[in-house]
Amino acid sequence: MSPVSLSEIIAALGGDLHGAPETAIARIGPLASADATTLAFLSNPRYQSQLATTAAACVIVAPAFAEAATQRGAAAGGSAAAIVTPDPYLYFARLTQWWAARVRPQPVARIHPSAVIDPSATLGEGVDIGPLAVIEAGARIGDGARIGPHCVIERNAAVGPGTRLAARVTLGYDCRIGARGIVHGGVVIGADGFGFAPNKGAWEKIEQLGAVVIGDDVEIGANTCIDRGALDDTVIEDGVKLDNQIQIGHNVRIGKHTAMAGCSAIAGSTTIGAHCTIGGAAMIIGHLTLADHVHISMGTAITRSISKPGQYSGVFPFDDNANWEKNAATLRQLHSLRERLRALEKKTNSD
Amino acid sequence: MSPVSLSEIIAALGGDLHGAPETAIARIGPLASADATTLAFLSNPRYQSQLATTAAACVIVAPAFAEAATQRGAAAGGSAAAIVTPDPYLYFARLTQWWAARVRPQPVARIHPSAVIDPSATLGEGVDIGPLAVIEAGARIGDGARIGPHCVIERNAAVGPGTRLAARVTLGYDCRIGARGIVHGGVVIGADGFGFAPNKGAWEKIEQLGAVVIGDDVEIGANTCIDRGALDDTVIEDGVKLDNQIQIGHNVRIGKHTAMAGCSAIAGSTTIGAHCTIGGAAMIIGHLTLADHVHISMGTAITRSISKPGQYSGVFPFDDNANWEKNAATLRQLHSLRERLRALEKKTNSD
Amino acid sequence: MSPVSLSEIIAALGGDLHGAPETAIARIGPLASADATTLAFLSNPRYQSQLATTAAACVIVAPAFAEAATQRGAAAGGSAAAIVTPDPYLYFARLTQWWAARVRPQPVARIHPSAVIDPSATLGEGVDIGPLAVIEAGARIGDGARIGPHCVIERNAAVGPGTRLAARVTLGYDCRIGARGIVHGGVVIGADGFGFAPNKGAWEKIEQLGAVVIGDDVEIGANTCIDRGALDDTVIEDGVKLDNQIQIGHNVRIGKHTAMAGCSAIAGSTTIGAHCTIGGAAMIIGHLTLADHVHISMGTAITRSISKPGQYSGVFPFDDNANWEKNAATLRQLHSLRERLRALEKKTNSD
Numbered sequence: 001m002s003p004v005s006l007s008e009i010i011a012a013l014g015g016d017l018h019g020a021p022e023t024a025i026a027r028i029g030p031l032a033s034a035d036a037t038t039l040a041f042l043s044n045p046r047y048q049s050q051l052a053t054t055a056a057a058c059v060i061v062a063p064a065f066a067e068a069a070t071q072r073g074a075a076a077g078g079s080a081a082a083i084v085t086p087d088p089y090l091y092f093a094r095l096t097q098w099w100a101a102r103v104r105p106q107p108v109a110r111i112h113p114s115a116v117i118d119p120s121a122t123l124g125e126g127v128d129i130g131p132l133a134v135i136e137a138g139a140r141i142g143d144g145a146r147i148g149p150h151c152v153i154e155r156n157a158a159v160g161p162g163t164r165l166a167a168r169v170t171l172g173y174d175c176r177i178g179a180r181g182i183v184h185g186g187v188v189i190g191a192d193g194f195g196f197a198p199n200k201g202a203w204e205k206i207e208q209l210g211a212v213v214i215g216d217d218v219e220i221g222a223n224t225c226i227d228r229g230a231l232d233d234t235v236i237e238d239g240v241k242l243d244n245q246i247q248i249g250h251n252v253r254i255g256k257h258t259a260m261a262g263c264s265a266i267a268g269s270t271t272i273g274a275h276c277t278i279g280g281a282a283m284i285i286g287h288l289t290l291a292d293h294v295h296i297s298m299g300t301a302i303t304r305s306i307s308k309p310g311q312y313s314g315v316f317p318f319d320d321n322a323n324w325e326k327n328a329a330t331l332r333q334l335h336s337l338r339e340r341l342r343a344l345e346k347k348t349n350s351d
Numbered sequence: 001m002s003p004v005s006l007s008e009i010i011a012a013l014g015g016d017l018h019g020a021p022e023t024a025i026a027r028i029g030p031l032a033s034a035d036a037t038t039l040a041f042l043s044n045p046r047y048q049s050q051l052a053t054t055a056a057a058c059v060i061v062a063p064a065f066a067e068a069a070t071q072r073g074a075a076a077g078g079s080a081a082a083i084v085t086p087d088p089y090l091y092f093a094r095l096t097q098w099w100a101a102r103v104r105p106q107p108v109a110r111i112h113p114s115a116v117i118d119p120s121a122t123l124g125e126g127v128d129i130g131p132l133a134v135i136e137a138g139a140r141i142g143d144g145a146r147i148g149p150h151c152v153i154e155r156n157a158a159v160g161p162g163t164r165l166a167a168r169v170t171l172g173y174d175c176r177i178g179a180r181g182i183v184h185g186g187v188v189i190g191a192d193g194f195g196f197a198p199n200k201g202a203w204e205k206i207e208q209l210g211a212v213v214i215g216d217d218v219e220i221g222a223n224t225c226i227d228r229g230a231l232d233d234t235v236i237e238d239g240v241k242l243d244n245q246i247q248i249g250h251n252v253r254i255g256k257h258t259a260m261a262g263c264s265a266i267a268g269s270t271t272i273g274a275h276c277t278i279g280g281a282a283m284i285i286g287h288l289t290l291a292d293h294v295h296i297s298m299g300t301a302i303t304r305s306i307s308k309p310g311q312y313s314g315v316f317p318f319d320d321n322a323n324w325e326k327n328a329a330t331l332r333q334l335h336s337l338r339e340r341l342r343a344l345e346k347k348t349n350s351d
Numbered sequence: 001m002s003p004v005s006l007s008e009i010i011a012a013l014g015g016d017l018h019g020a021p022e023t024a025i026a027r028i029g030p031l032a033s034a035d036a037t038t039l040a041f042l043s044n045p046r047y048q049s050q051l052a053t054t055a056a057a058c059v060i061v062a063p064a065f066a067e068a069a070t071q072r073g074a075a076a077g078g079s080a081a082a083i084v085t086p087d088p089y090l091y092f093a094r095l096t097q098w099w100a101a102r103v104r105p106q107p108v109a110r111i112h113p114s115a116v117i118d119p120s121a122t123l124g125e126g127v128d129i130g131p132l133a134v135i136e137a138g139a140r141i142g143d144g145a146r147i148g149p150h151c152v153i154e155r156n157a158a159v160g161p162g163t164r165l166a167a168r169v170t171l172g173y174d175c176r177i178g179a180r181g182i183v184h185g186g187v188v189i190g191a192d193g194f195g196f197a198p199n200k201g202a203w204e205k206i207e208q209l210g211a212v213v214i215g216d217d218v219e220i221g222a223n224t225c226i227d228r229g230a231l232d233d234t235v236i237e238d239g240v241k242l243d244n245q246i247q248i249g250h251n252v253r254i255g256k257h258t259a260m261a262g263c264s265a266i267a268g269s270t271t272i273g274a275h276c277t278i279g280g281a282a283m284i285i286g287h288l289t290l291a292d293h294v295h296i297s298m299g300t301a302i303t304r305s306i307s308k309p310g311q312y313s314g315v316f317p318f319d320d321n322a323n324w325e326k327n328a329a330t331l332r333q334l335h336s337l338r339e340r341l342r343a344l345e346k347k348t349n350s351d
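Residue numbers (full-length UniProt numbering), protein chains in the order written: chain V, 1 to 351; chain E, 1 to 351; chain S, 1 to 351.
Careful, some of the hints might be misleading.
Subject to a maximum C-alpha distance of 25 Å in a straight line, what follows is the list of computed SDA-like cross-link-like pairs (lysine to any residue) [what the hints assert, rightly or not]:
(1) Lys347(S) to Arg342(V)
(2) Lys326(V) to Lys200(S)
(3) Lys326(E) to Pro105(S)
(4) Lys308(V) to Gly273(V)
(5) Lys308(S) to Trp98(E)
These are calculated hints, taken from the structure and not from any lab test.
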């Protein structure tokens, strides 16, 4: 792929350019490993010191760092270009989008002859149906949607316009996802929720009669599962971002723009607010309600509803094994330690 | 789908009907969001107060609530029907089964022409082999079994009668599942267990020579993995219910009617008793034995065998981040706190 | 499968045979469940007592146990054969490999006609491309590689010689895996890393422009995910062994011969050293560095870098539910307990 000039980037994405517009950019990269054809960015002030030493052709910076970014090359006589913009991280995000559109193959409109498509399915304009995809009766694929190889769109399921499914995604019957979504490989949307009634020591299945309804601009990571509702639907609102290997139980509702990191899980019938973040491997039990703007740290088990925005945590602090063993063993006597402390306080105070 | 009358439901499922048999039911739903065509149920006495306010056409209740259920509409002049039955939750489970059979397409007997089936495979009567399924040499598919699109039934594997595999399930070579099972999308049964011998800093593979043997009436959630045994087989007994994203290591044995919630995991060679429940994201290390009727709370790490029935727990209680930080930091000194307390006790007692 | 004689095994794998070379071996099995045609092994001295009672035809032992192994049958007049070797566990590993090669079907060189292969893909000598596999433009499959049914090898991806992909594996565009690898079912290599810039309450996608680079002799368990890098690549070095259901974030680097157990996870941009072991369900946050020879216990959350080899742990010790509740509740007051203890110490000392 041939390099681009900084002027082309500025023309596409804006920003104030300090330095030579014809500077050639061959890659986007981190400050630390940048070379003379790299466009880098400084977002976290923690990495500010790297400005002085980076070999990057150009650095995207906030106004406060404009001087440092342009003067860094002065001593060495380098070009020291900079793009100044109020939010370098957002600029960087858009740069990656522009770059990806440039270097990746353009989407094609095609229906691969090996796909198995029921005649009653509806395909929008300009869709791309990959090899060996299966599209069942009554399914609807929106304009410009891309269905990867080996995807299964079950009966009466719906994929919104512009949504992209990677290879090997299942969208269960009656489930739907909105516009501009991205679903990565191995995702299962619409498997049965886990519901059983006890019956003389065995389990009687509760058929799951709801579906999954996913809004617009939702991204779902590889091998994540979202179960269909038992009676009503499981709902993922607009703009939600789910990482890989996540488990969403039946009848969960996740509010707009909430983001969940890998391996986290939400049990059935819990409602998560909007603008929340859930750390990796965090787990939330069923039938809870979390308010908007709640942030759960990685690995934390949430066992009660949370009505107040804020950060919540609960992981055992790791240590070298010998220390951990001593402290963990003592932890099992913690309640009795408190009782002994109380007794001592009483005695001392009465002395 | 047209509504049904209460009399049809009673005819199919039994129960004592209080109220008009011709009452039309269009959906099954929760008490709280019920409307005048909804059939709801009251199982947990905690929700008893909803009886007074629900708009449901009919409520399934235990005898103790029959009066409250039928009189709820009296003031408003409503019909206030009720189905009285000793176990409303079990009745509800069976109702969902009956309802699903009514509203879902009937299973068909077909072998999709795109499936790749080895001539030496054996297909029972009335099987449904979905598009693009792969059935290898020597595999056996029982009567009435349903193999979803993109499933892979490897050589000499066996699927019992009436068992249903959703799309994209792998049943590994020599593995077998019994009758009336349900396997959801993305499940991998029979991948190699994780076994290696150390060899001069590297790892030498221990080939996994066992298989996976799964009993009757087992349900397995989406993207769950069950590894084949190293020498003997991994065994899942009758009636076990596994949720999504579960990991079962090699040579594990799970006793009858045990249920495991999502994201839980069992390491190799551990034996779990019958009638146990394992909470979500709980993890059990290898080479342990858990007795029958052991219940593990969500998120708990089980590191020793358990010989006594009961409930076992071990998660760090979450808190707002500031409190958690203070307590977690102190936890690392817990052993020394105990020593200080002892010293103080000694000193105080000797004073 | 017909039995083999001990002499055949010794001819193939070496070791000092004590006992009759013509002894017939029909299976490899554990000491405890061995019968008169079983070849067993003793590696862990903990199981030494089983030597006296096992019915095994032959036991693989270290020199220190040679006498016990051969004399065990003396009283009963049994044959009591033994294979004496310095590292019985390694011998056992190689025996399973030899046994598997003997009892499993030989790999075939074939390109199944149902596979969808782009004409610009490069296939090596003797490859096996399974039914319904998809191989996209520019992909390269090395000599003797085996691509299972329903695998997707995306554009410009590369599979090294002798590497085996089970059914339903995705190798994303531009990603590559080296020689002699084993990848189990449902694995997704090269899904997008989880990267977003906040933008007025919503999330702006950071396109992931890197790939995944995997070395030689790497094994990857079922349904594990390895994300592509954001700018640079995600790197898995030679000899790494990953169990099932693992999540590897973007730009992670895992050093040679490190092994990770099931359900563990590493967040983005963390570097793990060589020869580490990561326990099941352990989780490591992003942007950390772990030294070589670091061992993380199961279920432990690693929140800071580790520069010193050793074993690190941090799980809440489980207990019966009543005890856990008492201790967990007290844990939330731990910091204030320390303050009270301090106050008491001060008072006592000043008395």
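Consistency of the hints with the structure:
no.	hint	verdict
1	Lys347(S) to Arg342(V)	holds (15 Å)
2	Lys326(V) to Lys200(S)	violated (47 Å)
3	Lys326(E) to Pro105(S)	violated (60 Å)
4	Lys308(V) to Gly273(V)	holds (11 Å)
5	Lys308(S) to Trp98(E)	violated (61 Å)
Hint compliance for this structure: hints 2, 3, 5 are not met, and every other hint is.
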